[in-house]
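**Q** Model the full assembly from the supplied sequences, consistent with the hints where possible.
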Amino acid sequence: MAEDHERIEELLAGYALLSLEGEDAAEADRLLSEHVPGCARCRRTLADFQALSGDLALATAPADPPETMLPRIHRAMDEVPLEGHRPRRGALIAVAASAVALVAMGGLSLVMGNRLNDAQTRAGTALEIISAMRSSGSQAVPIAPEGDTPQESALIEVSAPQVRRLYIASENCPEPGPGHAYQLWLGSGGEWMPVGPMFRPEDGVVLLEVPVDVSRFDAIWISEEVEGTPVSEPSTEWHSWSGELS
Amino acid sequence: MESPAPCDRNTVVGEDDRLDLELHRGVSERDRAAFDELYRRYVRQAYGVALRVTSQDLIAQEVVQDAFLALWRAPEAFDPARGGFRSFFLSLVHHRAVDAVRREERLRRRTERAANLEPATGEDPAEDVVEDAYLRVRRKEVRAALGTLPQAQRQVLEMAYFGGMTQVRIAEQLGIPIGTVKTRTLAAMRKLRVTLQEE
Numbered sequence: 052m053a054e055d056h057e058r059i060e061e062l063l064a065g066y067a068l069l070s071l072e073g074e075d076a077a078e079a080d081r082l083l084s085e086h087v088p089g090c091a092r093c094r095r096t097l098a099d100f101q102a103l104s105g106d107l108a109l110a111t112a113p114a115d116p117p118e119t120m121l122p123r124i125h126r127a128m129d130e131v132p133l134e135g136h137r138p139r140r141g142a143l144i145a146v147a148a149s150a151v152a153l154v155a156m157g158g159l160s161l162v163m164g165n166r167l168n169d170a171q172t173r174a175g176t177a178l179e180i181i182s183a184m185r186s187s188g189s190q191a192v193p194i195a196p197e198g199d200t201p202q203e204s205a206l207i208e209v210s211a212p213q214v215r216r217l218y219i220a221s222e223n224c225p226e227p228g229p230g231h232a233y234q235l236w237l238g239s240g241g242e243w244m245p246v247g248p249m250f251r252p253e254d255g256v257v258l259l260e261v262p263v264d265v266s267r268f269d270a271i272w273i274s275e276e277v278e279g280t281p282v283s284e285p286s287t288e289w290h291s292w293s294g295e296l297s
Numbered sequence: 617m618e619s620p621a622p623c624d625r626n627t628v629v630g631e632d633d634r635l636d637l638e639l640h641r642g643v644s645e646r647d648r649a650a651f652d653e654l655y656r657r658y659v660r661q662a663y664g665v666a667l668r669v670t671s672q673d674l675i676a677q678e679v680v681q682d683a684f685l686a687l688w689r690a691p692e693a694f695d696p697a698r699g700g701f702r703s704f705f706l707s708l709v710h711h712r713a714v715d716a717v718r719r720e721e722r723l724r725r726r727t728e729r730a731a732n733l734e735p736a737t738g739e740d741p742a743e744d745v746v747e748d749a750y751l752r753v754r755r756k757e758v759r760a761a762l763g764t765l766p767q768a769q770r771q772v773l774e775m776a777y778f779g780g781m782t783q784v785r786i787a788e789q790l791g792i793p794i795g796t797v798k799t800r801t802l803a804a805m806r807k808l809r810v811t812l813q814e815e
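These protein sequence lines are chains H and W, in that order.
As numbered in the working numbering, residues 52 to 297 make up the first sequence, in order.
As numbered in the working numbering, residues 617 to 815 make up the second sequence, in order.
Check the hints yourself; a few may be wrong.
[To be verified] Here are the simulated lysine to any residue pairs, SDA-like style, with alpha carbons at most 20 Å apart:
(1) W:807 <-> H:57
(2) W:756 <-> H:112
(3) W:756 <-> H:114
(4) W:756 <-> W:811
(5) W:807 <-> H:95
(6) W:756 <-> W:812
(7) W:756 <-> W:630
[Stated by the list, open to error] DEER-style ranges, computed between Cβ atoms:
(8) H:287 <-> W:637: 46 to 54 Å
(9) W:793 <-> H:267: 17 to 25 Å
(10) H:123 <-> W:696: 22 to 30 Å
(11) W:766 <-> H:287: 50 to 58 Å
(12) W:674 <-> H:254: 38 to 46 Å
The set of hints was computed from the structure by calculation and includes no laboratory data.
These figures come from a predicted structure and were not determined experimentally.
By construction, the Cβ of each residue, glycine as well, lies at the ideal position given by its N, Cα and C atoms.
**A** Written out as structure tokens, the structure reads:
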């Protein structure tokens, strides 16, 4: 309906400008997960608004950076081998930036370090978690196994004020059943919202970065679902984990 | 300076979009010379927008450095099927600058500045001397498009984009309903979209 798309496009405009918060941001997250991927009009609108967001930078006057910037970048490039070694601090910021880019340009609401199958990305996400834990007011919340889910498979959620991201990590997450995958949910007042596409662990490792203001939610759930089947609430039939967000 | 003729503009922009793609392909193949050329092409604009949003030299430098390192580390984050490299990269810089501002909790101090933005459509003759032609052409188009917006629409757009303010804060700052902020923002984005696509 035209009315619906007027409202959706208002949210997409705010999303492209990074100016949403509260319920609007939650609604945009939901639309980006549920509606936009299947709506050609909204995909085109989002792409155009995000391109505009890049072009608006041209309205500012260019400025000369210090001459030391490129040598610093070169050193950082040299410090981090492309493969096989643990990246130093400089790389972590870069990895986080690439995640932001994926979110910004792709309309995704979830970045999955384990799906990217890239050692540096995974290491970067892990160290971003550590960085978030150092932030003032950070919290680390265990996401406890429910029912018959193996007790040793607890996940952890980390978030901090101002970061506007939450991270979820596990090193021994069981594989979902054949044709199944895991779905992340965030809850508020008993209402659950699926966040991002379904995911699978890689060698038991889960590293998720979710660009969302966690203060809007009071609970978190990860449930095993039939892959490719739309879900409206978390399933408790298979593996699942839940936790409270303070 | 007069605007270039349409044929000149199309030639300049088309060629430079293609060059961006070639350079990005080089970066994907770990070609440092290609990386350095992309740096040369975009660092001044990236630093300009980072400075405008953060108002902090050191934070702006960190934002730009991180953005270029992100490009080197994960060039696959740019998908040519989704748009041009320039928009992708400058959007990345802007996104990181806004994140940095909000992390540093300096938004409140910058509110006054956001409400007194320097004219975005003003000309700076010095820019043209050292700037690549394709950026100069597009800059004129973007500034001209901004200049066509009604003041009320342009104000909310600039407070969001250059001030890094959320719509809630813009409504508080201007003393208007948030619904009005949303309506004006969408109207501004739609008008810019049409104007710039016609260019």
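**Q** Hint by hint, say whether it matches the structure.
**A** Okay, the hints, checked on the actual structure:
1. W:807 <-> H:57: Status holds; Cα separation ~15 Å.
2. W:756 <-> H:112: holds, 11 Å
3. W:756 <-> H:114: holds, 17 Å
4. W:756 <-> W:811: holds, 12 Å
5. W:807 <-> H:95: holds, 15 Å
6. W:756 <-> W:812: Holds: residue 756 of chain W and residue 812 of chain W sit about 11 Å apart, inside 20 Å.
7. W:756 <-> W:630: holds, 16 Å
8. H:287 <-> W:637: 46 to 54 Å: Between residue 287 of chain H and residue 637 of chain W, where Cβ atoms are some 49 Å apart, the hint holds.
9. W:793 <-> H:267: 17 to 25 Å: At 21 Å between Cβs, range holds.
10. H:123 <-> W:696: 22 to 30 Å: At roughly 28 Å between Cβ atoms, residue 696 of chain W and residue 123 of chain H fall inside 22 to 30 Å, so the hint holds.
11. W:766 <-> H:287: 50 to 58 Å: holds, 53 Å
12. W:674 <-> H:254: 38 to 46 Å: holds, 40 Å
Going through the hint list in order, the structure satisfies each hint without exception.
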